[in-house]
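Take a look at the letters that make up each chain.
Number of protein chains: 2
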Amino acid sequence: MNEQTEYSDGDLRNTGMSLKHDREWDYELDRIVEAVEERDASKVGLQFPEGLKRRGPDVADDLRELLDDDVTIMLSGQPCYGACDLDTFMMRRTDVFVHFGHSPMKESEKIIYVPLFSNVDVMPIMEEAKAELADPDDDPDVGLVTTAQHMNRFGDMADWLEERGYEVHTRRGDERLTHEGQVLGCNYASADVDADQILYVGGGKFHPLGLAMEHPDKNVIIADPVNNVVTIADTEKFMKQRYATVHKAMDAETFGVIFCTKIGQGRMEIAEKILDSNDNAYLITMDEVTPDRLRNFGFDAYVNTGCPRITTDDGPQFHKPMLTPGEYQIAVGNKPLNELSFDTFHGTW
Amino acid sequence: MNEQTEYSDGDLRNTGMSLKHDREWDYELDRIVEAVEERDASKVGLQFPEGLKRRGPDVADDLRELLDDDVTIMLSGQPCYGACDLDTFMMRRTDVFVHFGHSPMKESEKIIYVPLFSNVDVMPIMEEAKAELADPDDDPDVGLVTTAQHMNRFGDMADWLEERGYEVHTRRGDERLTHEGQVLGCNYASADVDADQILYVGGGKFHPLGLAMEHPDKNVIIADPVNNVVTIADTEKFMKQRYATVHKAMDAETFGVIFCTKIGQGRMEIAEKILDSNDNAYLITMDEVTPDRLRNFGFDAYVNTGCPRITTDDGPQFHKPMLTPGEYQIAVGNKPLNELSFDTFHGTW
Numbered sequence: 001m002n003e004q005t006e007y008s009d010g011d012l013r014n015t016g017m018s019l020k021h022d023r024e025w026d027y028e029l030d031r032i033v034e035a036v037e038e039r040d041a042s043k044v045g046l047q048f049p050e051g052l053k054r055r056g057p058d059v060a061d062d063l064r065e066l067l068d069d070d071v072t073i074m075l076s077g078q079p080c081y082g083a084c085d086l087d088t089f090m091m092r093r094t095d096v097f098v099h100f101g102h103s104p105m106k107e108s109e110k111i112i113y114v115p116l117f118s119n120v121d122v123m124p125i126m127e128e129a130k131a132e133l134a135d136p137d138d139d140p141d142v143g144l145v146t147t148a149q150h151m152n153r154f155g156d157m158a159d160w161l162e163e164r165g166y167e168v169h170t171r172r173g174d175e176r177l178t179h180e181g182q183v184l185g186c187n188y189a190s191a192d193v194d195a196d197q198i199l200y201v202g203g204g205k206f207h208p209l210g211l212a213m214e215h216p217d218k219n220v221i222i223a224d225p226v227n228n229v230v231t232i233a234d235t236e237k238f239m240k241q242r243y244a245t246v247h248k249a250m251d252a253e254t255f256g257v258i259f260c261t262k263i264g265q266g267r268m269e270i271a272e273k274i275l276d277s278n279d280n281a282y283l284i285t286m287d288e289v290t291p292d293r294l295r296n297f298g299f300d301a302y303v304n305t306g307c308p309r310i311t312t313d314d315g316p317q318f319h320k321p322m323l324t325p326g327e328y329q330i331a332v333g334n335k336p337l338n339e340l341s342f343d344t345f346h347g348t349w
Numbered sequence: 001m002n003e004q005t006e007y008s009d010g011d012l013r014n015t016g017m018s019l020k021h022d023r024e025w026d027y028e029l030d031r032i033v034e035a036v037e038e039r040d041a042s043k044v045g046l047q048f049p050e051g052l053k054r055r056g057p058d059v060a061d062d063l064r065e066l067l068d069d070d071v072t073i074m075l076s077g078q079p080c081y082g083a084c085d086l087d088t089f090m091m092r093r094t095d096v097f098v099h100f101g102h103s104p105m106k107e108s109e110k111i112i113y114v115p116l117f118s119n120v121d122v123m124p125i126m127e128e129a130k131a132e133l134a135d136p137d138d139d140p141d142v143g144l145v146t147t148a149q150h151m152n153r154f155g156d157m158a159d160w161l162e163e164r165g166y167e168v169h170t171r172r173g174d175e176r177l178t179h180e181g182q183v184l185g186c187n188y189a190s191a192d193v194d195a196d197q198i199l200y201v202g203g204g205k206f207h208p209l210g211l212a213m214e215h216p217d218k219n220v221i222i223a224d225p226v227n228n229v230v231t232i233a234d235t236e237k238f239m240k241q242r243y244a245t246v247h248k249a250m251d252a253e254t255f256g257v258i259f260c261t262k263i264g265q266g267r268m269e270i271a272e273k274i275l276d277s278n279d280n281a282y283l284i285t286m287d288e289v290t291p292d293r294l295r296n297f298g299f300d301a302y303v304n305t306g307c308p309r310i311t312t313d314d315g316p317q318f319h320k321p322m323l324t325p326g327e328y329q330i331a332v333g334n335k336p337l338n339e340l341s342f343d344t345f346h347g348t349w
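Line order of the protein sequences matches chains S and R.
Start counting the first sequence at 1; every next residue gets the next number (UniProt numbering).
Start counting the second sequence at 1; every next residue gets the next number (UniProt numbering).
Chain S extracted, bound-state conformation (with noise of 0.2 Å):
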């Protein structure tokens, strides 16, 4: 992150006023209703994003009065901040699953997706965004991605940048995505585009931090509608931190390798593969990868076969340090140091 970055006018990041944007999502009652009524459910899970778990209980009061009153309503309390967090606990006990705000990571009759579109116009800060990219004249080619909150405007800001003279490169990166042009915080495939440039148009700086450390390469210019502010991917800060991870990983004597329960984020084959390289690594199965976890074991270090951005973003917070498995291959002398990259995933669960 750019600590120098010098706050423009209109910028609201830190002022709490992006709020402004915090309007009334569609939660899509009535397929809700019409599943529940459907399958003749007596029991209905909701699991919100962290972000949204604070709108629960006006939703659940929103299909109580729609539903039966026999209808049991749940709300899920596991952490949920990705498609991968799928409450399989809830999934299984309720008849009608209904996950929000993320696009399907597994497919099932049982649950429905609600993807909660933003309805902030993106226009304005796109046109911003526009000084950042290149002069058609010099170079057109721009890859456009976004987030699934934005899908819905996703033709919209293509054809933008087309009427400003841009060649827009988009694709559907893999089968882990659903839409084409969107990115997870794990998958930026859909960035793999013939373009030096890669305009992200969506909220926060998580998604094009790791766009730019997977696609070192290219220039992430960053369109925050909900912020209201343009920005270039800066991965300077994160990359030190991890070259200064996997430094203090080399001493490390003793490994413990990590394998994630949740759903899509399981590679055991990572894992096999490095324990049975090491006698001195140890196999350890969790959910939720948090440091008070770890804090009982006596590992020198960790390797994190799951989701990346525990390693990367909350890395520091871990009382020892905690790799991806490429860098783990750097740390142990198998690979040289050069070939730190950012750790994606692919497919699906």
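No distinction is drawn between identical chains; accordingly, a pair holds when it is met within one copy or between any pair of copies.
Here are the simulated PhoX-like cross-link-like pairs (lysine-lysine), alpha carbons at most 20 Å apart as the crow flies: (1) Lys240 with Lys205; (2) Lys237 with Lys205; (3) Lys106 with Lys262.
By construction, these hints were calculated from the structure, which means they are not laboratory data.
Starting from the known structure of chain S, fit chain R onto it as the hints suggest.
Just chain R now, kept in the frame of chain S:
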């Protein structure tokens, strides 16, 4: 907890010296190896309580030496504070699943429970505790309880008291408890005996404080052989905290009612009773009940139908009042304040 307790000679609390009792445990490797060979197992899961997680790698090493190379050993990274905390993912995905340090909560052919009996000598601290017991000529009746770790010495403890003129009252609480005289953090039915004084022999204050809250009419003497100290259980601080929490919850309008999905903690009928009687109560399902996980819900107060020790011991860490089901009834005015009592669990799973 009595803050005024004077530390006597030899009291090892807060000295770090209690670790000297942290000797080798008997991990019963032979029994594990036998089960692995009998079942031709290729995956073996090991789950340790938090305090013993650090021993996991050594136990894994010892097992590796005793087992075929193609057997994969996994360590559970799930939180483990009690018999309820069975790692159900690991249970499902391994051929032999070993749970160390707790009594069985769920019996299954696949699970091996290794109790990890303590080898600490309990007689010296019982000798000291005698000064806190009534003279046997005045009141010979003593209830005797201990934890799973010291069950192997339970007969000796009873004999020792009998030899000194006491009439020892013991019982197996109910089907939640494996042994006569055993207490769990959530079940003190073993102390439901015809005696005004209960001698608890075991480490720490966690169990005797629960015992004293459940049986406020009894004098609970703590003979702690691990910290080499004798104290009297004092619930005043805990009770004050509970009263304060209930008072605070009296102003609450909305309630999150937590159903814990862990084996042995599901009390749906209690949750449903609250939900049926209060339109401002909402059902939340989750496994680990932690302050972080509830922070994003906007409820004014919470009712925990899961582990009562989360509510009483971790209560102050939650940002909103966290109540037991009984405390909820007081907070909403269904019961008088003087009916505040300790929440206990009966039955298994």
